[in-house]
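Peer 1: Chains as they are written, first to last, in our numbering: chain A, 1 to 327; chain B, 1 to 327; chain C, 1 to 327; chain D, 1 to 327.
Each hint should be verified, as a subset may be incorrect.
Repeated chains share a single entry, so a pair holds when one copy, or any two copies, can fit it.
Cross-link-like lysine-lysine pairs, in silico, BS3-like; alpha carbons within 30 Å at most [stated by the list, open to error]:
| no. | residue 1 | residue 2 |
| --- | --- | --- |
| 1 | K25 | K84 |
| 2 | K318 | K224 |
| 3 | K85 | K25 |
| 4 | K35 | K85 |
| 5 | K25 | K318 |
| 6 | K260 | K318 |
| 7 | K107 | K96 |
| 8 | K219 | K260 |
| 9 | K25 | K107 |
| 10 | K85 | K4 |
These aren't lab readings, by the way, just hints derived from the structure by calculation.
The structure displayed is predicted, hence computed values, not measured ones.
There are 4 protein chains.
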Amino acid sequence: MTRKYSVILGNLGNTCDRFLSSGYKDVLNKDMMIKQAASIEGVTGIELVGTWDITLQNLEQMQQSLNAVNLQCASIIPDHFGQKKWGSGAFVSTDKAIRDEAVEETKQMIDAVTALDGNLINLWPGQDGYDYPLCTDYIEDRTRLLDTLGECAAYAKIRNVRLALEFKPKEPRNHSYLARTSDTLLIAQILGDNVGVTIDTGHAFMAYENVGESIAMLKMFGDKLFHMHFNDNYTHWDDDMIVGSIHLVEYFEILYWLEKTAYTGWISMDQYPYREDGCGAIRSSVLFLQQLAGILDHVGVAEIDRLIARRDPVATSKFIREQLVAR
Amino acid sequence: MTRKYSVILGNLGNTCDRFLSSGYKDVLNKDMMIKQAASIEGVTGIELVGTWDITLQNLEQMQQSLNAVNLQCASIIPDHFGQKKWGSGAFVSTDKAIRDEAVEETKQMIDAVTALDGNLINLWPGQDGYDYPLCTDYIEDRTRLLDTLGECAAYAKIRNVRLALEFKPKEPRNHSYLARTSDTLLIAQILGDNVGVTIDTGHAFMAYENVGESIAMLKMFGDKLFHMHFNDNYTHWDDDMIVGSIHLVEYFEILYWLEKTAYTGWISMDQYPYREDGCGAIRSSVLFLQQLAGILDHVGVAEIDRLIARRDPVATSKFIREQLVAR
Amino acid sequence: MTRKYSVILGNLGNTCDRFLSSGYKDVLNKDMMIKQAASIEGVTGIELVGTWDITLQNLEQMQQSLNAVNLQCASIIPDHFGQKKWGSGAFVSTDKAIRDEAVEETKQMIDAVTALDGNLINLWPGQDGYDYPLCTDYIEDRTRLLDTLGECAAYAKIRNVRLALEFKPKEPRNHSYLARTSDTLLIAQILGDNVGVTIDTGHAFMAYENVGESIAMLKMFGDKLFHMHFNDNYTHWDDDMIVGSIHLVEYFEILYWLEKTAYTGWISMDQYPYREDGCGAIRSSVLFLQQLAGILDHVGVAEIDRLIARRDPVATSKFIREQLVAR
Amino acid sequence: MTRKYSVILGNLGNTCDRFLSSGYKDVLNKDMMIKQAASIEGVTGIELVGTWDITLQNLEQMQQSLNAVNLQCASIIPDHFGQKKWGSGAFVSTDKAIRDEAVEETKQMIDAVTALDGNLINLWPGQDGYDYPLCTDYIEDRTRLLDTLGECAAYAKIRNVRLALEFKPKEPRNHSYLARTSDTLLIAQILGDNVGVTIDTGHAFMAYENVGESIAMLKMFGDKLFHMHFNDNYTHWDDDMIVGSIHLVEYFEILYWLEKTAYTGWISMDQYPYREDGCGAIRSSVLFLQQLAGILDHVGVAEIDRLIARRDPVATSKFIREQLVAR
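Chain A with its partners taken away, still in its complex shape:
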C-alpha cells in the first residue's frame, strides 16, 4: 500500500474565531499557499473549500495552479457553513429555496471536482443541527437530510463521484445531525454505494470514539470509510492541533487499522493553526504520521496482529515502550 497524503488548502491561511473575527494572522496569497502545500514532503493532494478556494469561475485558474506544482485535487469540500444563508441549516433548512441552494452548491462542486480530475466530495453539513431542546422537529429534519443528500448522491453517482459525509458532534451547532461514525453510517447505508463517511480524528476523539474501532466498524458495515482528516486535540473540543501533540498510541492504531482494512483513500490534514506557522504546523502532522507509518511498516502488520491477539495491556505497554517511544 502506498499512503497518499493531502492537506486542506485553507489550513495554511488565516484563521479566526468568534472573539477575533479578523483572524490571528494576515491573509496569505492563495498561490503562495498552494506552493507551500506542494513543498511538504510526501504531500500529493489538496482539498479545496467551495466559495473560499474554488468556484465555477476560478476553475481553470485553479487547475493551472495545481498542475504547476503537481498536486491532485483530493476532494472538494462544498461550502455549506460559511455564509449567512446557511446559518439556520443548509440541507435541512425549513426554506425550500435554501435546501435547493445547498444541493446546487454540491452539484456545482461535483462538476468542479470532475473538471479537476478528482472524484471525491467531502460533505460537511456543519450548520445542519440544532441548538436548544424543544425547538426542533427531528423527524422532519432527518427526512429532509435524506432527501437533499439523496439528490446529491444521485447526481454524483452518474458522474462517478463519491460523497464522503463528515460528522462532528457539535460546533457550529450545539448538536449536529451527522454527529458520530454510526449515525453517519446509517445515513450512508441508505443513500447508496457512492456515499460513505469521513472520519476527522479530532471530531471522533471529541465524541469519545476510539478511531481504530470506528474504522473497523465502517469496514464491516459496507466498506464505508471514504476519507480521513487528521488533527489532534485534548478530547473535549475540536482544538484542531498538530497531530501527535497529545496522542501517540491511538494514531498508531489508526494507521494499523487503515492497513488492515485496505484503506486506499487519502490521509489528509485538517487543522486550525490559529497562532502558529500554518505550513509548519501541517508539515509537522504529515511528518509525524509518516514516522509512525514507518514504524508500522518496519514492525509489520502481522506482528501487531499477534500483539492484539494477546489482548493484554501489559504486553501492549511493552510494545509502546519498545517500538513507539524513543530510547
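The hints should help you fit chains B, C and D onto chain A, whose structure is shown.
Peer 2: Frame of chain A; chains B, C and D shown alone:
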C-alpha cells in the same frame, strides 16, 4: 395513551462502588423491596436482574411475590456483568465456553420472563467492550457480538419475546461496544424485528445525545425503541440520580417524543441511590415524570407541535417559563 | 435586597464564529441596541466592551445615550481578546510592549468607567493561556500575570474602582490561566481587596463547578464575588444559551446563595444569541431569573435553609416538584 | 536528583467496581504482593492504605515485611472512604462522632507512619463532597473541613509528618470538596507549612488540568507539591490505566517540571488494573516513566528550557518526533 411505570427491583436495595464494596446501606429483604415498589403510586411493573433477583430456581416464588402485590414483570435483565466469569466480556469473550454461557443465561431468562407472563428482555452487555487502545480486534469482537446476540434473538423470536439492547458509552469498560443509540440501532437492524434498543436517559446524556432526537431516530429507522430507563446526571458520568434533580426541559421533550412516536413500552426507573432512601428516590422520579406528563396532557401535543414548528428558542423559553416552571 | 439586572450590550448585536466570520445576522445600530436593552423589564445596567462599544473618544456620546434611557454603566469589559495584537496573550505576552498596552487599555477603561459613574471593571484575559503542552513557561507567565494585573489593580484602587477577574477553562486558548473559581481567587487574594472574581455561570458549568458552592467559597475566602454573568449551556462548552434552557435547580440554588452571602453586585446577562433575536434571548433570561427569584422570595430563605439542613435528595426532589416545577 | 519510585500496595491485588463487587480477580496474599512490589526495578517505596493494609495492630509485622524486602514506607493513606461509616462524609460529616473518628484514624496513621520511619500521610477525603444540588450547606462543610484537617495538621506537625491532600473532581461523590489543584492549594495554604498537595495525574487530566502547569503553580504559591500519583486515562474519568497507554508528551512535561521545581518527593504508581496482571501493570508504568526520565536526562533540562522559550508548537512537534517518538 396510558403510560406504564416500572422500577428495577435492585435500585431499592443496597448499592456499592469500587471504594466501598460492602455497600453504603444494609442489605434489604427482597420481599420488603417488592412491597415498596408496589407501594409507589402508578407503578405497575418491575424489572428483575438475573442472578441477583431471579433464577430458574426462585421463579415460582417470585411469581407469587409479584402476584401478591399485583406487579407485572416489565422485563428481566440477564446478568452479564456481575460475576467474575464475565470480567473480560460475555457475548464477545474470546472463550467460546463463556460466550455459550452468556447465550445460555439469556435463554434461561427468556424462559423465565415468559413464565412470569412478561415478553421483554433488557440486555445490557456491560462487560463487552475494551479498556486500552491497541489491545483488541474490533472486527472479531463485533462479529462475535452479532453471532451470540443473533442466537439469543432467534431463541426469543419463537417465544414472542423482544430483546431490548441497552447501550452505554463506558463503565465498567472504558469503551463499550453498545455505546450509543445509533451503533446499537445498527446491530438491532441486522438482528431482526424482535430486537430493538433501550434508551437509558443517563447513558444518553453522558453520550451527549439529545434523547428526544434519539427517540425520533429510532422511530424513523424501524420503530426500534423497545424500552426506556430513567435517571438523571450531570452529563459527564452515569450518576444515576433522581429524575429532575438536574434536567427539566429535556425530560419534557422526551415525554413529548414518546407520545409523538406512539411509544407503548414501559417508563422504567433505573437509579443508584447510594446514600438516599432507595424507595423514596425511585418514587421521586416517578412523581416527577408524572407531573411533567400531566403538563403535557394538559397543554396537548398539538400545542407543542406548534411551538416546535416555530423553531425559536425565545418562544420555547416563554413556554418553559409559562408552562414548565412554577409561578 | 433589591436585585440589579444588567446586560452586555454586544449580546444584542451580531455574533460570529470561526466558520462564519461575517456573523449570523446583520450589524445592528448601537443606539437601537441600547434602547432595546433599556426596554427589558427590570434591567437598569449595561456592560460595555472596550473597542467594540466604548473608547475614550466616544465617552461623552455613550454617556448621553445611557442617560437618555436611564441605564447605569454596570461595568466595562476592556478589550484584551478582540484584536490581532492580543493573539498570543495580553497580560502575559512575551512582548513587553504588548503587556504595556494591555495595562494601558485597562487604565483607560478604568478612567472611562469612572467618567460613566461606574466603579467596576470586568477583566477577561481570554487570550492569556496556552494551546499545547511543552511550549510554555508557566511560572514566567503567571509571574507576568501577577505583575500586570497588579499594576491595573493599583491604578484602580486609588480611583475606587473594583476589578472583577472573569475565569473560563478554555476558549479562545486551549487552556486559560484564569480557568476556574479557585485559581482566580488565589490571584485575587494576592492582588488586594479591590480585586475579586466574576462567575460566568456557563464558564463554571463547563468547568464542572456547582456555582452555589463556588459562591460560598468566594464568600468564605475574602468576600471575593464581585460580579456575575448569566447564561446556560449543555455543560461541555460555552454555548452561551438563554438561561433556563437546560438547567433549573442550579439557577435557583445560585439565587439562594447570592442571597445567603449578601451579594449586592449585578446579575448580568452574557449570551451569544447567534441565530435568535438578540433582545428576545436576553430578555428571556432576565424573565427566567426574575421568576425564580420570585419563588425564592415567596418561599423564603429560611425555608431553604431548613431544606438544605436535611441534606436529603428525596426532600429536595419534593421541593423541586412542589415549588419549582409547574403543576 | 535521584528519582524515587513507589507503588500503592493495594494496586497489586484484587479490584472491584459497582457491578462486580467481589472483584475481577482472586484475592492475593499480602506478603506476596509486597514481594512483587519490591521486585519492580527501581521501586524503593510503598504506600499503604489504612484498614486494608495497615492498622496499629499489624504494624510490627508490616515493618518486618517491608524490611525483609528493603522497601521504605513512602506514605500511609488513611482509610476515609472504604467503610460504611464514611458514606456521607468523614471530615465534613454532620455527625461530630464521625468527624472525630476521621481525625482519630488520621492520628493513628500518623503514629503508624512514624513507627515505619515514614513522614508522609496522603489524605484523600474521597467521601467528603456532595451528590445533588440544593442539598448542602457548602460553607458549613468547608468550615468543618478546615477544622478537622487543621486538627490533623497540628498533630502531624509536632511529629514532623507532612500531610499531602489528594484532590479529585468526583467519585465516589458527584462533587468533591478537594476537587482540583487550586482549591486544594487554598486549603493547604491556610493549614500551614506541613500541609501540601498530592497530584494524581489521572485526577488532574479528568479535571482538564495540564499537570505541568499545576506543578508550576504549586511551586509558586508556597512550594506545596508534596506527593505525586501516576496513572493514565482517556481524560473523561479516572480510568486508572497504565502510564503511557494514552498520553506521552504530558508525562514528559511533568518530569521536566518536577526537575525544574526541584521536587524531591516520591513518584508513586496508583492504578486499578481491574483485569490485567497487577504487578505487570504497575511495573509497566514505572518502566515507562523511567524511559522518559532517561530521555530527559540525556537531552538535559537546559535544552528543554530553550525549546519552551521558543513557545512554538511547530518546534515542539519537531522535538517530539526527534526525541520522544521512536524512529
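Peer 1: Each of the hints needs a verdict: does it hold here or not?
Peer 2: Comparing the hints with the structure gives:
Taking the closest pair of Cα atoms, K25 and K84 come within 30 Å of each other both inside a single copy (23 Å) and across two copies (7 Å). For a Cα distance limit of 30 Å, the shortest separation of K318 from K224 qualifies neither inside one copy, at 33 Å, nor across copies, at 34 Å. In this assembly of identical chains, the alpha carbons of K85 and K25 lie at most 30 Å apart whether taken from the same copy (26 Å) or from different copies (10 Å). When the C-alpha separation of K35 and K85 is checked against a cutoff of 30 Å, the pair qualifies only between copies, where the shortest distance is 28 Å, while the shortest distance within a copy is 32 Å.
With identical chains, the CA atoms of K25 and K318 are at most 30 Å apart between copies only, with a shortest distance of 22 Å across copies and 43 Å within one. With identical chains, the CA atoms of K260 and K318 are at most 30 Å apart both within one copy (22 Å) and between copies (29 Å). For the homomeric pair K107 and K96, the shortest alpha-carbon distance inside one copy (16 Å) is at most 30 Å, but the shortest distance between copies (51 Å) is not. In this assembly of identical chains, the alpha carbons of K219 and K260 lie at most 30 Å apart only when taken from the same copy (10 Å versus 35 Å across copies).
Taking the shortest alpha-carbon separations for K25 and K107, only the inter-copy value of 27 Å comes in at or below 30 Å, while the best intra-copy value is 33 Å. For the identical chains of this complex, K85 and K4 are neighbours neither inside a copy (35 Å) nor across copies (38 Å), given an alpha-carbon limit of 30 Å.
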